[in-house]
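Asker: Chains A and B, in that order, are what the protein sequence lines are.
The first sequence begins at 356 in my numbering and counts up one residue at a time.
The second sequence begins at 3 in my numbering and counts up one residue at a time.
Be aware that a few hints might be false.
What follows is a list of derived Cβ distance ranges for each label pair [unchecked claim]:
1) V9/B with N433/A: 43 to 49 Å
2) E160/B with N433/A: 58 to 64 Å
3) S28/B with D553/A: 43 to 49 Å
Far from chain A, by Cβ distances over 10 Å, these chain B residues were calculated [as the list claims (entries may be wrong)]:
4) D5
5) V75
6) A81
7) I82
8) K124
9) F186
No more than 20 Å apart at the CA atoms, straight line, and that leaves these computed lysine-lysine pairs for PhoX-like [to be verified]:
10) K147/B with K597/A
11) K556/A with K447/A
12) K61/B with K10/B
13) K92/B with K597/A
14) K61/B with K32/B
15) K138/B with K92/B
16) K390/A with K479/A
17) K597/A with K76/B
18) K369/A with K422/A
If you are wondering where the hints come from, they were derived from the structure by calculation, not from laboratory data.
Ideal Cβ placement from N, Cα and C applies to all residues, glycine included.
Listed below are the residues making up each chain.
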Amino acid sequence: MELENKREAKVISKNIDVFYGDKQALFGIDLEIYKNEVTALIGPSGCGKSTFLRCINRMNDVIDICKITGEIEIDNFNIYKPDVDVVRLREKVGMVFQKPNPFPKSIYDNIAYGPSIHGIAKDKNEMDQIVETSLQKAALWNEVKDRLNEPGTGLSGGQQQRLCIARAISINPEIILMDEPCSALDPIATAKIEELIDSLKSSFTIVIVTHSMSQAARVSQRTGFFHLGKLIEMGETEKIFKNPNNTMTQDYITGRFG
Amino acid sequence: MSDEHIVKSYDEELQHLNDSLVQMGSLTEKLLHDSMNAITTVDKDAVSKIVESDAKINKFRSSIDQHIMTILVKRSPVAIDLRYAISTLKISQDLERIGDLAKGNAKKILPLPDDLPPEMLKRIESLGEMVQTQLKSTLDCFIEKSVQKSLDTIKRDEQVNDLATASIKEVLEFLSKDKKNLDFATNLLFVCKNLERAGDHLSRICQNVHYLIEGDYPEK
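Bound-form chain B, shown alone (with noise of 0.2 Å):
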């Protein structure tokens, strides 16, 4: 496929659609950092930064939607552009998404109690690690328009998925222990959770780079 449009214009307006999506990607990968730095090391002050992080992300979502509506309407995209203007439209509500899911987390930051199994935090870490990583791979896939990439991370989110069990798992164990920690299991439980949900709709944004370079969606 040739690279250029005889309208350089609309070049340009996809070009600015793929960056706007890239930055929208890195700071999700960031804000996704915080987030469980902050749980982790009980930084309440993190917080406020991390909501207005995620506050931007919503921005760039609204912004790439806005600009995905100008190509449609000015550009009629057809083949290659049509599924670029539609995956890329669906990949930026995954991504605003997963910042929803990490301001989530954020906000349930609790003190550690005393008789917290370091192993369980450890593997909470872990967990956050996890999807932090398929997150950076979901973004080259995205960059590189890797379908390879996509396929593989959509298979390690199976890994995912098992570290979150497991992890729900101990909580429940030691959330049935002691009742006194309620608040804070429950809140480790929903931080879990919601680890496992970004690992899902990062799946989902390798699943449309598939789709916007195949042209068809992965077997599941």
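So that you can see chain A by itself, here it is in the shape it has in the complex (with noise of 0.2 Å):
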């Protein structure tokens, strides 16, 4: 109880509908995500969890049929206001996809990209100093400070993943969201990524989309199932997988229906 005095929502989902065209995707999601946690969202394939995810940095905005209503508060403002910079808001609000996506150039380059375009280094050094602290967030400084300026394809897949993540938090966002960020990779890989999760959300807030039950058990504090474009059940995670209060989020964690 003293625990949930203490926190607070970060991010909060007022009635979110989202339209494809004429079909509705989600249906008036309520929801609040809370500061420095990890918020697992899950549900079986095409539920809408990645739609809402994408909802949070505006990325939908991107897709010309898809129509949002309701409102998302990030620190108590709306980020559906229409006079709202999504370039800003995307500074603010970073992201993590499936597939690890970096750019095909180098080490180095990948993570300076981002704070050049934003005009966040004043200088080289600055820069560099830049460069390094985001790798080291990401925990792949170690692995890659002797050939920042190979090619960021050439790393292993799990690199890649935390070259992405370095990427992301180079710009100092203030929330991640994550796309089912370990689907693509080994277990070894995933396990570094979810270790990684862990340091980030002393920093970060953080959310992740997973069809991975035990590793939204194992990341995050918070979980929210999605069953065809609605928010069944939102609770701690330690309750929704010990004793969720829903019947069909029992009966999808458990493998009764997908």
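Hey, can you piece these two chains together into the complex? The hints should help.
Answerer: Here it is as structure tokens:
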């Protein structure tokens, strides 16, 4: 209970509906994402969890037929107000995708790209510092410090994904969205990313979409279960996986329907 | 909740676990009955059979342990399935302990002294019957997955405790009258205490059935 009181809502979704043309993908999503915590979104394919994730940094805006109603507040500010600068928003809300997607550039330039276009670094020294700090935070520095000029695409899958995380954090976001970040990785690389997620939560608020129930149980403090575009249940991860309130949640996580 | 998993073999594994535990329970029922019978009829010949039955119960316990380990490894169960695995693990431990206590009692058979007050033996018989009834309703709780039955059974353990305390008091009085009955009375004290402990194990089983169904333990 005490823990609950200390929690601060970083993101508040209020009655979010999403339509792709005539098809409604999300129905009245109300939820809160707490600061410096990992929130996992789970549910069968097509349930709307990734669609919801993409609402948090307005990535759905790039889809012409997509229409969104409702509000998402970040630090009590509605990001769907008409005058919101989405570039600034995405600076604040970074994203990591399912498949590692480093730029076809050097490891150094992969990290430096964001800070340079956002004008974050004043000079080369500062940029060097940002690159080093970002790679350290992403637990990749020791593995790449001697080959920063080599192409990012030459790294292993797990290293590429950590490079993408380093790239996301290089512009000092407050929230990191991860869309199935480990689904293309082997168990060791997955474990490293999970360890990284755990260490990153002290500095960032993290929302992760995952198909792995055990991953959600391992990395998150809260879990939301989506089904057919609706948020069925949201609660403490331990509660969800030990004794969920909703029968549908239980049926899904125990493998009784999918 | 849907009854069936998408993976049918998972259902079969859980069903097998359920069946094993029920079988173990009915063996324990028989063992407890035979043990009480052997004590009150001073049937020493029954002891070897009781020891054999207890060994069988122990085997069930280790086979259930292995089966649960396999389920944990293969299925990474969560929610109701996880609670099912954890609860059955604990329930099988308690059943095994009840088997041990019943066997321990049977091993303490001594001829009934001539001056044994018949009502004292009657009371211990009643205590044994009460524990057997508790065991039956505990197994019903598990089979029916009944929260209410588990709560009722836990509540009735107070009666077992009261009767055990009264029986112990009576045995001590009997002992204090004539020290020649020391061995017999001491054994009888163990029998009473073991039956009371068996009752405690049954309460624990019911608490675990409650946990299995509700996800929490009943309030004390």
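Asker: Next, verify each hint and record whether it holds.
Answerer: Consistency of the hints with the structure:
no.: 1; hint: V9/B with N433/A: 43 to 49 Å; in the structure: 44 Å, holds
no.: 2; hint: E160/B with N433/A: 58 to 64 Å; in the structure: 60 Å, holds
no.: 3; hint: S28/B with D553/A: 43 to 49 Å; in the structure: 47 Å, holds
no.: 4; hint: D5; in the structure: 8 Å, violated
no.: 5; hint: V75; in the structure: 13 Å, holds
no.: 6; hint: A81; in the structure: 5 Å, violated
no.: 7; hint: I82; in the structure: 6 Å, violated
no.: 8; hint: K124; in the structure: 46 Å, holds
no.: 9; hint: F186; in the structure: 50 Å, holds
no.: 10; hint: K147/B with K597/A; in the structure: 18 Å, holds
no.: 11; hint: K556/A with K447/A; in the structure: 15 Å, holds
no.: 12; hint: K61/B with K10/B; in the structure: 27 Å, violated
no.: 13; hint: K92/B with K597/A; in the structure: 17 Å, holds
no.: 14; hint: K61/B with K32/B; in the structure: 16 Å, holds
no.: 15; hint: K138/B with K92/B; in the structure: 18 Å, holds
no.: 16; hint: K390/A with K479/A; in the structure: 32 Å, violated
no.: 17; hint: K597/A with K76/B; in the structure: 18 Å, holds
no.: 18; hint: K369/A with K422/A; in the structure: 15 Å, holds
Of the numbered hints listed earlier, those contradicted by the structure are 4, 6, 7, 12 and 16.
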